[in-house]
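Trainee: What follows is the residue order along each chain.
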Amino acid sequence: MNRNARPVQIVMIEDDEGHARLIEKNIRRAGVSNEILPFANGTEALAFLLGPDGSGEVSSGRQLLILLDLNLPDMTGIDILEKLKLNQHTKRSPVVVLTTTDDAREIQRCYDLGANVYITKPVNYENFANAIRQLGLFFAVMQVPEAD
Amino acid sequence: MPLSKIALIRTTAAAFIVGLAALLAIVATTVWLVGETQTYTELSIQVRQQRAALVDLRSLMQDAETGQRGYMLTGDEDYLAPYDEATGRIATRVVDIRRMLAGDPDRGRPFDQLAELVAAKVAEMQQTVALYRAGRRDEALAMVRTGRGRELMDEARDLFDQLIDATEQRIYTHVSDQQKTITALFWTTLLGALVIVVVVAGAAWAIVAYTRQLVTAQREVEVLNAGLEERVAERTAELGRANEEIQRFAYIVTHDLRAPLVNIMGFTSELETSLATIRDYMETVEGGDDVATADAKVAAVEDAPEAIGFIRSSTRKMDGLINAILKLSREGRRTLKPEPIDLRQLLETAVANVQHQVAEAGGEVTIEGVAPPMVSDRLALEQIFGNLLDNAVKYRHPVRPLEITLRTRQEPAQRVVVEVSDNGRGIAPQDHERVFDLFRRSGAQDQPGEGIGLAHVRAMVRNLGGEITLVSALDEGTTMRIVLPRNLRKLIGAENREPKRQAGPDRDDRGR
Chain C
19 MNRNARPVQI
29 VMIEDDEGHA
39 RLIEKNIRRA
49 GVSNEILPFA
59 NGTEALAFLL
69 GPDGSGEVSS
79 GRQLLILLDL
89 NLPDMTGIDI
99 LEKLKLNQHT
109 KRSPVVVLTT
119 TDDAREIQRC
129 YDLGANVYIT
139 KPVNYENFAN
149 AIRQLGLFFA
159 VMQVPEAD
Chain L
4 MPLSKIALIR
14 TTAAAFIVGL
24 AALLAIVATT
34 VWLVGETQTY
44 TELSIQVRQQ
54 RAALVDLRSL
64 MQDAETGQRG
74 YMLTGDEDYL
84 APYDEATGRI
94 ATRVVDIRRM
104 LAGDPDRGRP
114 FDQLAELVAA
124 KVAEMQQTVA
134 LYRAGRRDEA
144 LAMVRTGRGR
154 ELMDEARDLF
164 DQLIDATEQR
174 IYTHVSDQQK
184 TITALFWTTL
194 LGALVIVVVV
204 AGAAWAIVAY
214 TRQLVTAQRE
224 VEVLNAGLEE
234 RVAERTAELG
244 RANEEIQRFA
254 YIVTHDLRAP
264 LVNIMGFTSE
274 LETSLATIRD
284 YMETVEGGDD
294 VATADAKVAA
304 VEDAPEAIGF
314 IRSSTRKMDG
324 LINAILKLSR
334 EGRRTLKPEP
344 IDLRQLLETA
354 VANVQHQVAE
364 AGGEVTIEGV
374 APPMVSDRLA
384 LEQIFGNLLD
394 NAVKYRHPVR
404 PLEITLRTRQ
414 EPAQRVVVEV
424 SDNGRGIAPQ
434 DHERVFDLFR
444 RSGAQDQPGE
454 GIGLAHVRAM
464 VRNLGGEITL
474 VSALDEGTTM
484 RIVLPRNLRK
494 LIGAENREPK
504 RQAGPDRDDR
514 GR
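Those protein sequence lines, which keep their order, are chains C and L.
Read in order, the letters of the first sequence are residues 19 to 166 in our numbering.
Read in order, the letters of the second sequence are residues 4 to 515 in our numbering.
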């Protein structure tokens, strides 16, 4: 991951604390040391990403990579995805959907809304860990644009 | 007034009989009365003839008398012409009348009397004329003067009047009788017609009433029918919703169970990693006789790894079960794609896929019967027959060589039957239903598997609108009988009228 003046922050929106911890551990194992900001619900995550006014100006100048679970207690990840991709400031921030759902229509819908990557959480832990580690490796080489 | 079918038949039948009776009565009465009229007419004609003959005879008598008197007054022979003519015809007339009155003594006897008078009068006239002609004029006049001729004539006239009156009386009687008959005919016809009209009106009323009832009943039936169809549609929709609910439930449960399971497995892994570190460390510690150190060593090297091993195997098993349920719920949610299918070819392909194992077991597979063209979901059919053939191979008899027979045939009501028979180890009767249940297996558990194959097959067959049953005897073999609709499109078309929602996790209602 580019280590420019402003470091890339990984925003992890995941309501299952265990999953969040496992994701974090496995990303770290891939050698990614960027700050990971965990959010357990959509409201808090949106407040951070778009600011209390919802304008998204707060994200201006940030380099964000968003890990998004679709099943959240207060809203669906799709709502968050839609808001982010429609917002002037956050639309270029990469969004990785990481969820248990493998419904074909769900996947289509996420890509239609501008998701950059869609990953189904493997059921088996070994595969899960492996997938997250590979994702971490992928993060290490990908370019994250600065938000306007 | 409610009118039953039997009542209608009775009413109309009774009306028909009464109407027919009335008509027959009219006809009979008419025929009888016409006969009567004819008789009266004949009698009238006879009596009129008698009367005419009597009148004629009387005028002949008068002609003869007039002729006699004229001749005796003038002596002119010319006056004798009507006299001669009249006396000539009187005799024949008398014979005529007597013939007419033959068999009628009431009038016959007075006429005999009259005939005598006529004969006497004629004789008196002949005598006087004969005397006059012979020149014995005074004798002839003296004979006239005796008045006997006139007396005879008066008596004859009286009798004539009586007889003519009598005939007139008879004519009058006949005419009035005839009139009575005509009146009777009139009333009979009128009454009969009235009866027929009443009966026809009654029958018509009954029929109209019954028809009206039928129409009302039909309308009611239509209303009920519409209601019934509505209810059936409602129930179908309800069933569809219930089914959807179950599938959603299965889907959500499996998804939500999977999330903590990933945690359990994940942290078990983490624990194992940590434990490895501890174990490595413990092995370096030469604890001497310290009990606590020895216990810690045992815990780190034996107990904890054992516990983790059980956690792992259990979570793996749980994972397998959850995946099985997920697979079933996915099958239920999969959108079916009906397409024309060559069943024979599909079965041949399915057989080819297991050919290797069959050959290894030294067995053979035969396909029999006609495979009617059908429209169904190819993937589901492939999975169904693949599964059944797998089972046949898996649960073959340990001793005899495997024989599998696939039989296809068409059945009424647009259905296709496929039977998959094997000579394998068979299924005990108490397990015939159980084998279709999820996670349930039958017989010796000597083959790998989770007990989801047949449950999955049944779910798919039912999804295709079919049904699967089995016939099996332990140690002899099993026949799986699958009945499928020939055209899946019709079935789906029927369901689509009630738009079928997919049972997947819709984003907004996951209720967590």
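Worth flagging that the hints you see were computed from the coordinates, not collected in a lab.
The C-beta atom is built at its ideal place from N, Cα and C for all residues, glycine as well.
Possibly wrong hints are sitting among the right ones.
In silico DSBU-like pairs for lysine-lysine, Cα to Cα no more than 30 Å straight-line [as the list claims (entries may be wrong)]: (1) L:K183 x C:K43; (2) C:K43 x L:K397; (3) L:K493 x L:K330; (4) C:K103 x C:K43; (5) L:K493 x L:K397; (6) L:K493 x L:K340.
Some chain L residues well away from chain C (every beta-carbon gap over 12 Å; in silico) [what the hints assert, rightly or not]: (7) V30; (8) L36; (9) E232; (10) Y254; (11) I255; (12) M268; (13) G269; (14) V354; (15) Q413; (16) L477.
Pairwise CB distance ranges (calculated) [as the list claims (entries may be wrong)]: (17) C:T138 x L:S317: 21 to 27 Å; (18) C:T138 x L:F442: 22 to 28 Å; (19) C:L104 x L:D449: 38 to 44 Å; (20) C:N134 x L:P375: 19 to 25 Å; (21) C:N134 x L:F442: 37 to 43 Å; (22) L:V304 x C:T138: 45 to 51 Å; (23) L:R238 x C:R123: 25 to 31 Å; (24) L:N246 x C:I137: 27 to 33 Å; (25) L:E470 x C:R46: 21 to 27 Å.
Trainee: Which constraints among the numbered hints does this structure fail? Numbers only, ascending.
Mentor: Result: hints 1, 2, 5, 10, 11, 12, 13, 19, 20, 22 and 25 break, sorted rising.
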